[in-house]
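Visitor: Sequences and hints are given; from them, build the entire structure.
The lines below spell out each chain.
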Amino acid sequence: MKLIFERSSAGRGTSYLPACDVPSVTPNTELREIALHLPEVPETEIDRHYTELSHQVYGVNTGFYPLGSCTMKYNPMINEAAASLPGFAEIHPLAGDENTQGALEVMKLLEDSLKEITGMDAVTLQPAAGAHGEFTGLLLIKAWHKAKGNDKRTKIIVPDSAHGTNPASAAMAGFEVVSIPSDENGCVDIDALKAAVGEDTAGLMLTNPNTVGIFDKNITEITKIIHDAGGVNYYDGANLNAVMGVARPGDMGFDVVHVNLHKTFSTPHGGGGPGSGPVGCKEFLKEFLPGIQAECTEDGTAFRSVREEHSIGDMRSFGSNFSVVVKALAYVLSLGKTGIRETSENAVLNANYLMHLLKKNYECAYDRTCMHEFVLDLAHLKEEHGISALDVAKALLDAGIHPPTMYFPLIVHEALMFEPTETETKETLEACALAMENILKEALANPEGAHAKPEHTMIRRLDEVGAARNPVIRYTFDSEEK
Amino acid sequence: MTFPSELKYSKTHEWVKFEDETTAYIGITDYAQDQLGDLVFVNLPEEGDEVTRDEAFADVESVKAVSDVMSPVTGTIAEVNEELQDSPEMMNEHPYDAWFIKVTDISECSDLISAEEYEAFIAEEQ
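For the record, the sequence lines run as chains A and B.
Residue numbering for the first sequence follows my numbering, starting at 1 and increasing by one per position.
Residue numbering for the second sequence follows my numbering, starting at 1001 and increasing by one per position.
FYI, nobody ran anything at the bench for these hints, they're computed from the structure.
Keep in mind the model is a prediction, meaning the values are calculated, not measured.
A couple of the hints might just be wrong.
[Said to hold, decoys possible] Partial list, derived from the structure: chain B residues whose beta carbon lies under 7 Å from chain A:
1. Asp1038
2. Val1040
3. Val1063
4. Lys1064
5. Ala1065
Using N, Cα and C, we set each Cβ at its ideal position, and we do this for glycine too.
Guide: What follows is the structure, encoded as structure tokens:
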């Protein structure tokens, strides 16, 4: 595909404007040494350029996208229809409560839904992404310890299987991170946790089901160990899609939760989103929440926005990524209570079915019933045949499938992490398993060829190491060539 | 894979080359670079910084992941090998020439092991 600069030809263009009747002025000194490289192209070429670009896009709308831990589910059109309603789309962020009653009702309904799904007492819709939500939750924990006059609690415990954002958010919030090992099932090592807690423990960050797709059965014991030590339990909602309507973080002993509307609640993910990472908390942390909460007036006839007295302050401007909130609410309301539960049940069923199919040819890192995602371990394949997780992932591109997450979690060295989500059909899962089977057969017959995949995509195998060591990050124009 | 016998090794896969009792060069082992894969970036400390035994003093990045490099000694950094920043491939190609830091005033050491013991240790780890 040509770049727009390569379609450019001097003097070409499209002009809908009449000739300029103001005399042109030449400045006395020209500061610019070389001409601006603006593409000069007619409208037809611009149209073709962007149309061609759109054909290079791959998304859930194009095909299967089993990117583990990212929950790349389909975004229903009804969400877009709701968010496009003029009353929502054209609302001004500075319009007062009296002019935004409908918007406040939407916020209140989503806050209440999230409270019920997560088992929390209050919710802020303000955080604009998952990691932003983590950061917010950690600041709540910090504010609480501080309000109790305890400045000795400086450590956040994070298991070694956690998402990289967990230790990063904890460090951003000024905590020291204590990493604890996982046991042979990829779950929290209880003895290691007991040894790690103490008077300096501020809290624990955990996902459940965890990063390898296994529900930690010791969860209430784990959260109790932290509570007994005086710490607060933070639930990373990255994997909430496995347990919605079945189990609630609040009932597992968690005190703060973030959920990703762009994962679990079917709002756009990637491509600019924007994301949204609401944070829920138990009553004792409510007074520190940022932003505004929507509530019903005493007589039940109207809504108003309120701020908490001891708020940690705003995490961003305005109340939320509001159109995302509308989309998430449309999703929750169209599913209803039973639909929410069915969503998680189907996500878990799809993951187990795909795992079952792939087990015929590949090894599972943890061979047991999984939740919404599972991890293959290709270490033996790498050792015996030199075929890596990267080779298999690249070959999937030729099959028209977006590769699963690679080399994560870090505790599995040749990891491929699949999360099919509930919105895929049985046939799609079977086609993926068949593609994986064919890739293996071909790679075993020709291991050298496996390193050259993909063969049929516009961009072939990238030299990732070369690109990282000697990055070329800008286009070189003809006039710049030396 | 080679493990020169004149070097000392840590169980976190660093090598130490003592000039005398209180001065040493530190880098990562052949086994470490092999496990990490092609390295593309290194984050080095500054000259004059203090290092503490069993604490991270640098990190290395491969296309797969970022990993800490631990200091096997406590002391002061006298020199930093900035060449690694421009040529991270040195860590893969010549791990024992690609020293990260030179430490002086060494007051404390981790439990360092010999080349033979290190080889036995990684055989067990695999």
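Visitor: Against the earlier hints, flag every one the structure doesn't satisfy and list their numbers going up.
Guide: none
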